[in-house]
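Student: Mapping to the UniProt record's numbering: the sequence shown position 166 is 166, numbers consecutive.
It is possible that part of the hints are untrue.
Unchecked claim - Quick list of in silico lysine-lysine cross-link-like pairs, DSS-like style, CA-CA up to 30 Å:
| no. | residue 1 | residue 2 |
| --- | --- | --- |
| 1 | Lys-67 | Lys-13 |
| 2 | Lys-22 | Lys-161 |
| 3 | Lys-284 | Lys-308 |
| 4 | Lys-63 | Lys-288 |
| 5 | Lys-308 | Lys-22 |
| 6 | Lys-161 | Lys-63 |
| 7 | Lys-63 | Lys-284 |
| 8 | Lys-161 | Lys-67 |
| 9 | Lys-22 | Lys-288 |
| 10 | Lys-63 | Lys-13 |
Bear in mind the hints are in silico, worked out from the structure with no lab data behind them.
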Amino acid sequence: MSCFRISHSAFLKMVGDTPLLKLNGTRETSHFSMYAKLESCNPTGSAKDRPALGMVFDAIRSKAISKHTIIVESTSGNMGIALAHVCARFDLRFHAVVDWRTPDIALELLEAYGAEIDVVQRYECRENDHVRARIRRVQELLRSEPCAYWPNQYGNPWNPKSHYIGTMPEITRSLGAAPDYLFVPVSTCGTIMGCATWLRDHGCHTRVIAVDVIGSGIFAPSVGTRSIPGMGASGPPELLNSAFVDDFVRVTDNECVISCRELLDNEGLLMGGSSGAVMAAIHKHRAKIASGSRCVLIFPDAGDRYLKTIFDDEWAAGFLRRP
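With the hints as constraints, model all of the structure from the sequences given.
Tutor: What follows is the structure, given as structure tokens:
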């Protein structure tokens, strides 16, 4: 680790300890209370700051990388931005493999942090599987660049571990006890597995509810088109142990967009698409929630990266028609 110029303490303290905000709710949700874990308050604005720091710091500590290493990762946006930030701090080169759907704002942020960007084109995404297409590109880069290192967010134990040691203890500390319900949007499943494992290890009786989008193959065999970045997957992720998940709720892209806008109108919160998915899910699930329950909702990122999509009236017009 001596080859890195790192001031540990201040940088590490920047990540985590995000606010837990009690939501006003609506008449339909008045029989239980809702608390939003605002992961947008992390340094680059998303929950991905936690595993990004954990994966890179662990690679430094274990001497898996040196100052000459090029970090390479597949990303739909937030993980890449978080890794670009961490790599900039540690004077490491970072190569982000994105795909043709990646929003312009994400590309601009990656460039601002000094990332090198490789875009996988639409024709390269067989059967609409963008993640596998990006991973194929990552593997090509690993073969061609001897100094390249892939943290592999899809299988790295520090993805869930960062939430095991951070997110869930923070929630319990803020509430004074474990919540009755925990609603978590899923993609790599790092967040939900880290939180669920902590709850199980500490004997908590929290019901863990996964939130997925229709079109994802995590909890259903059929895979279709998905419009919300960072939500869902083509199949069950490597990190997922479904025995740790008590139930799941699947929502539509329409419901994500509508709920994001309702969060802004009703709560004054400009939140991203996966946060809208969680809000839509708790409304769908509300009849199953016991009166007096305390529910925590993981809100992974803010809505400023969605100003040209979810919060743009022209883009969102087709999604605002309720099914």
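Student: Lys-22 and Lys-288: Cα distance at most 30 Å?
Tutor: 20 Å, holds
Student: Hey, Lys-284 versus Lys-308, does the alpha-carbon distance stay inside 30 Å?
Tutor: Holds - the C-alpha atoms of Lys-308 and Lys-284 are around 27 Å apart, at most 30 Å.
Student: Are the Cα positions of Lys-161 and Lys-67 separated by 30 Å at most?
Tutor: 25 Å, holds
Student: Is the Cα-Cα distance between Lys-308 and Lys-22 30 Å or less?
Tutor: 28 Å, holds
Student: Mind checking the alpha carbons of Lys-161 and Lys-63 for me, to see if they're no more than 30 Å apart?
Tutor: 19 Å, holds
Student: Take the C-alpha atoms of Lys-63 and Lys-288, compute the straight-line distance between them, and say whether it is at most 30 Å.
Tutor: Violated, because 48 Å separates the two Cα atoms, which is more than 30 Å.
Student: Quickly compare the C-alpha distance for Lys-22 and Lys-161 to 30 Å and report which way the hint goes.
Tutor: 26 Å, holds
Student: Regarding the pair Lys-63 and Lys-284, is the alpha-carbon distance no greater than 30 Å?
Tutor: It is violated: about 47 Å lies between the C-alpha atoms, which goes past 30 Å.
Student: Does Lys-13 lie within 30 Å of Lys-67 when you go C-alpha to C-alpha?
Tutor: Status holds; Cα separation ~23 Å.
Student: Is the straight-line distance between the alpha-carbon of Lys-63 and that of Lys-13 30 Å or less?
Tutor: 23 Å, holds
Consistency with the previously given hints fails for numbers 4 and 7, ordered from lowest to highest.
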